[in-house]
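> This is what each chain is made of:
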Amino acid sequence: MSSAIVAEGVSKSFGEVEALKHLELDIPDGSFFVLLGPSGAGKTTTLRVIAGLEKPDTGRVLLNGIDATGANPAERDLAMVFQSYALYPKQTAAQNITSPLRARKLSKADIDTQLKRVAELLHIEELLNRYPAQMSGGQMQRIALGRALVRDPRAFLMDEPLTNLDLKLRVEMRTELTRIHRSLGRTFLYVTNDQVEAMSMADQVAVLRQGTVQQVGKPTEIYDRPANRWVASFVGSPRMNLLQCTANGKIEGEGWSLPNPGFGVQGDHKALFGVRSEDLSLDVRDEAVSLAGKVYAVEPLGDRTLVDVEIGGQRVIIKAPPTASYTIGEQVRAAVDMERVHLFDAESEQAIARR
Amino acid sequence: MATHIQPEGLADKGIAGETVDPPVRRERKFGSGVEILLLTIFMVVMLFPVIWMLETALKETKDIYAVPAKVFSFSPTLDHFQNVFSSDSPVFKGFVNSVIVAGFSTLIATVLGVPAAWAYSRFTLKAKKDQLFFILSTRFMPPVVVVIPVFLMFRDLSLLDTRLGLVLVYAAFNLPFTIWMMKGFIDEVPAEYEEAAMLDGFSRFEAFWRVTMPLLIPGIAATAVFALIFSWNEFVFSIFLITDPDTRTAPSAIAGLIGGTTIDWGLVAASAMTFAVPVLVFAFLVRKHLVAGVTLGAVRR
Ligand SMILES: Nc1ncnc2c1ncn2[C@@H]1O[C@H](COP(=O)(O)OP(=O)(O)OP(=O)(O)O)[C@@H](O)[C@H]1O
Ligand SMILES: [Mg+2]
Numbered sequence: 001m002s003s004a005i006v007a008e009g010v011s012k013s014f015g016e017v018e019a020l021k022h023l024e025l026d027i028p029d030g031s032f033f034v035l036l037g038p039s040g041a042g043k044t045t046t047l048r049v050i051a052g053l054e055k056p057d058t059g060r061v062l063l064n065g066i067d068a069t070g071a072n073p074a075e076r077d078l079a080m081v082f083q084s085y086a087l088y089p090k091q092t093a094a095q096n097i098t099s100p101l102r103a104r105k106l107s108k109a110d111i112d113t114q115l116k117r118v119a120e121l122l123h124i125e126e127l128l129n130r131y132p133a134q135m136s137g138g139q140m141q142r143i144a145l146g147r148a149l150v151r152d153p154r155a156f157l158m159d160e161p162l163t164n165l166d167l168k169l170r171v172e173m174r175t176e177l178t179r180i181h182r183s184l185g186r187t188f189l190y191v192t193n194d195q196v197e198a199m200s201m202a203d204q205v206a207v208l209r210q211g212t213v214q215q216v217g218k219p220t221e222i223y224d225r226p227a228n229r230w231v232a233s234f235v236g237s238p239r240m241n242l243l244q245c246t247a248n249g250k251i252e253g254e255g256w257s258l259p260n261p262g263f264g265v266q267g268d269h270k271a272l273f274g275v276r277s278e279d280l281s282l283d284v285r286d287e288a289v290s291l292a293g294k295v296y297a298v299e300p301l302g303d304r305t306l307v308d309v310e311i312g313g314q315r316v317i318i319k320a321p322p323t324a325s326y327t328i329g330e331q332v333r334a335a336v337d338m339e340r341v342h343l344f345d346a347e348s349e350q351a352i353a354r355r
Numbered sequence: 001m002a003t004h005i006q007p008e009g010l011a012d013k014g015i016a017g018e019t020v021d022p023p024v025r026r027e028r029k030f031g032s033g034v035e036i037l038l039l040t041i042f043m044v045v046m047l048f049p050v051i052w053m054l055e056t057a058l059k060e061t062k063d064i065y066a067v068p069a070k071v072f073s074f075s076p077t078l079d080h081f082q083n084v085f086s087s088d089s090p091v092f093k094g095f096v097n098s099v100i101v102a103g104f105s106t107l108i109a110t111v112l113g114v115p116a117a118w119a120y121s122r123f124t125l126k127a128k129k130d131q132l133f134f135i136l137s138t139r140f141m142p143p144v145v146v147v148i149p150v151f152l153m154f155r156d157l158s159l160l161d162t163r164l165g166l167v168l169v170y171a172a173f174n175l176p177f178t179i180w181m182m183k184g185f186i187d188e189v190p191a192e193y194e195e196a197a198m199l200d201g202f203s204r205f206e207a208f209w210r211v212t213m214p215l216l217i218p219g220i221a222a223t224a225v226f227a228l229i230f231s232w233n234e235f236v237f238s239i240f241l242i243t244d245p246d247t248r249t250a251p252s253a254i255a256g257l258i259g260g261t262t263i264d265w266g267l268v269a270a271s272a273m274t275f276a277v278p279v280l281v282f283a284f285l286v287r288k289h290l291v292a293g294v295t296l297g298a299v300r301r
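Which chain is which? The protein sequence lines are X and B, in order. Just so you know, we're using UniProt numbering here: the first sequence kicks off at 1 and counts up by one. Just so you know, we're using UniProt numbering here: the second sequence kicks off at 1 and counts up by one.
Derived by calculation from the structure, the hints in this document are not laboratory data. These numbers come from a predicted model, not from an experiment. Note that the Cβ used here is the ideal one computed from N, Cα and C, for glycine as well. Among the hints, a few may not be true.
Derived Cβ-Cβ restraints for the label pairs, each shown as a range [unchecked claim]: (1) B/204 / X/262: 57 to 63 Å; (2) X/303 / B/191: 43 to 49 Å; (3) X/123 / B/280: 51 to 57 Å; (4) B/191 / X/333: 56 to 62 Å; (5) B/190 / X/134: 16 to 22 Å; (6) B/129 / X/17: 16 to 22 Å; (7) B/123 / X/348: 42 to 48 Å.
Please work from the sequences and hints to get the whole structure.
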C-alpha cells in the first residue's frame with residue numbers, strides 16, 4: 001500500500017525545547033493511524049508540521065509521495081481538528097462547520113446538504129445556531145469535528161478530538177469515527193494519549209515519547225511485543241509488572257527463579273523481567289511455573305480483582321476473577337504464562353528477543 | 001483527616017464570611033459623606049476653568065468685562081457660538097481643516113498600522129523586539145525637536161501651508177502608536193483561528209480578514225479614536241508648518257484670535273468650547289480603553 005503521509009527525519013525545536021527529534025513516520029494510504037503518547041510528547045507538533053502550520057527545522061514531509069515541506073496549509077488539502085477546537089468566535093456552529101465549503105465556493109444547496117449530513121452524524125442539529133461561547137467543551141469539540149468531516153480531504157488530522165466528551169458519547173463517537181473511516185476510506189491520523197482509544201480504533205499505532213517514535217505497529221503488536229521498557233509500561237492498564245533479575249539459563253530475581261523460556265542471552269545478563277497482570281494467575285496447578293509471595297493488598301474492581309503480591313521485596317499486580325477473595329498477608333503462588341513474558345536489557349531497556 | 005488552618009468560627013461562615021453582614025459596608029456609609037464633600041471640592045477646582053470658559057462663551061461682550069464678575073446674574077446668549085460658525089468666521093475654516101487632517105491622518109495610520117501590527121504579532125522576524133522598540137522610541141521624541149527638519153523638508157517639497165503635509169506628519173506620528181496598540185489587541189486573538197481557516201482552504205490574508213478582523217473591530221475603533229484625538233489636539237506642527245489662514249487647523253486658528261489690539265474673548269471661549277466637544281465625545285466612547293491604552297494590550301476582547 002502506498003503512503004499517504006511520510007515524515008522523514010523531522011526535527012523541530014522551540015528555543016531550548018526539542019519538541020521533535022528526527023521523527024520518522026510512514027502512514028499508509030487509507031489507514032487509521034494513531035499517534036499515542038503522553039502529554040508533551042510532541043503529538044500536536046507532529047500534526048502541525050504535517051499540516052504546514054509549523055516549518056520543520058530539518059527533514060521533509062511527503063504527501064502521497066510528493067514533497068510538501070514548503071507547501072502552504074491550504075494547498076495540502078488536509079482537514080484538522082484542533083486540540084483547542086479553534087472555532088471562529090464570531091461565527092455560528094453552522095457557519096463554522098461550513099467554512100471549508102465556503103472556501104471552496106460550493107453552491108448554497110450543496111453546503112446545506114453537507115451541513116445536514118454532518119449535523120445528523122454528530123448529533124448537533126440543535127446546536128447549529130449557537131455561537132462557540134454558548135456551547136460546552138464537548139459541544140464545541142463536536143462542532144470542530146464537524147468542520148473537518150464536512151469535506152473530503154486527502155487526510156484527516158485529529159488532535160485528541162474526543163477528550164472532552166462524556167464517557168457515553170466518547171464510546172459512541174469512537175465507534176462512529178471508525179465507521180466513518182471505513183465508509184470514506186480516507187487516511188486518518190489520530191492523536192491521543194488514551195490507550196483505549198488507540199487500541200480500539202487504530203490500524204496502526206505509533207508510540208511517541210519526547211519527540212521520537214518508540215515503536216510502530218498494530219495495536220496487538222504494541223501490546224504483546226513492546227519494543228522497550230518504556231512502551232511496555234506506558235501501554236496497558238494496570239501497567240506491566242517489571243522485576244529486576246539476572247537472566248541466564250534461568251531468570252532469577254531476589255527470592256524467585258523461573259526457567260528461561262528461550263530469551264537470547266549470554267552469560268549472566270542484568271535484565272528486567274516483565275509480565276502483565278493478566279498473564280499471572282493465582283489459580284495454580286501443580287506442574288505450572290510459579291512465583292511465591294505474600295498478599296500485600298486487594299483491590300476489587302467489580303469485573304475483576306487486582307491482587308497486589310509481594311515477591312522478594314518487589315510487588316506485582318495480578319488480575320484475579322471478581323470472585324477471588326484473599327486476605328492480606330496470605331501466602332500465595334502465582335502461575336506465570338511463560339509464553340507471554342518479556343525481558344528487557346537493564347542498560348539499554350530494549351526488549352530481548354527469544355531465540 | 002483534614003486539618004483546619006482557618007481560625008475557629010470562620011470555617012462555618014462560607015467563603016469570605018458571606019453569611020455575616022460585611023463590616024466594610026458600614027465603614028463606607030460613614031466615609032461617604034466626607035468623600036462626597038472632598039470630591040465636590042476637587043471637582044469644582046478642576047472644572048472651574050472650564051466653567052469659566054463656558055460662561056464667557058455664553059455672556060454678552062459687555063458682561064465679560066464687568067467688574068465685579070457676573071457669575072450667575074448674566075443673560076446668556078448664543079451670539080459667540082453663532083460667530084464661530086458664520087461664513088466670515090476666522091475659526092470655522094480651521095474646524096473644517098482639522099476634521100479633514102485628523103480624519104485622513106487617522107485613516108492612513110490605521111490602514112498601514114493594523115496590517116503591520118498583525119505581521120509583528122504573527123510572524124517571527126529578525127530582531128523583532130528591537131524593531132518594536134525602535135518604532136515605539138519614535139514616540140519619545142517631542143514634536144518640537146523634529147519640527148525644524150520637517151519644516152526644511154516640507155519647504156523643498158512645497159508641502160508647507162498644505163493640509164497634505166500635516167496629514168503626512170500626523171499619520172507618521174500616529175503610526176507607531178497604532179502598531180503598538182493594535183499588536184496588543186492582535187496578540188490576544190489566538191493564532192489558531194487563522195490557522196484553522198487556512199486549513200479550511202483560505203489564504204493567509206483571507207484567514208486574517210474573515211476570522212481575526214471581526215474580533216479586532218472594537219480595538220481598531222479605540223485605537224483610531226486615540227489617533228483622532230492626537231491629530232485633533234496637535235498644535236506645534238500646525239503652527240509651524242501652516243501660516244495660511246485657509247489651510248491652518250483649529251488649534252492655530254484659535255490661537256490666532258489672541259493678539260492684535262482688541263481680543264474678542266467671547267469668540268475665543270466659544271471656539272475653544274466647540275473645539276473640546278469632539279474630544280469629550282470620543283473620550284467618553286473609549287473611556288474603557290483609556291486606562292488600558294496605557295498598559296498597551298491588557299485589554300479584553
Ligand atoms: N509554540 C511553542 N513554543 C514553545 N514550546 C512549545 C511550543 N509548542 C510546543 N512546545 C513544546 O514542545 C513539546 C511538545 O509539545 P506538543 O504540544 O507537541 O505536545 P503534545 O504531545 O501535543 O502534548 P499534549 O498531550 O499535552 O497536547 C512540549 O514540551 C511543549 O512544551
Ligand atoms: Mg497536544
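> Do the beta carbons of residue 129 of chain B and residue 17 of chain X sit within 16 to 22 Å of each other?
20 Å, holds
> Lying within 57 to 63 Å: is that true of the beta-carbon distance residue 204 of chain B to residue 262 of chain X?
For residue 204 of chain B and residue 262 of chain X the Cβ distance comes to about 59 Å; the hint holds.
> Could you see if the CB distance from residue 303 of chain X to residue 191 of chain B stays within 43 to 49 Å?
Given about 45 Å between the Cβ atoms, the range holds.
> Indicate whether the distance between the beta carbons of residue 190 of chain B and residue 134 of chain X respects the range 16 to 22 Å.
19 Å, holds
> Taking 56 to 62 Å as the hint, is the beta-carbon distance of residue 191 of chain B and residue 333 of chain X inside that range?
60 Å, holds
> If you check the beta carbons of residue 123 of chain B and residue 348 of chain X, does the distance land in 42 to 48 Å?
43 Å Cβ-Cβ, so the 42 to 48 Å window holds.
> Within 51 to 57 Å: is that where the Cβ-Cβ distance between residue 123 of chain X and residue 280 of chain B falls?
For residue 280 of chain B against residue 123 of chain X, whose Cβ atoms are near 54 Å apart, the range 51 to 57 Å holds.
Every hint, counting from the list given before, is met by this structure.
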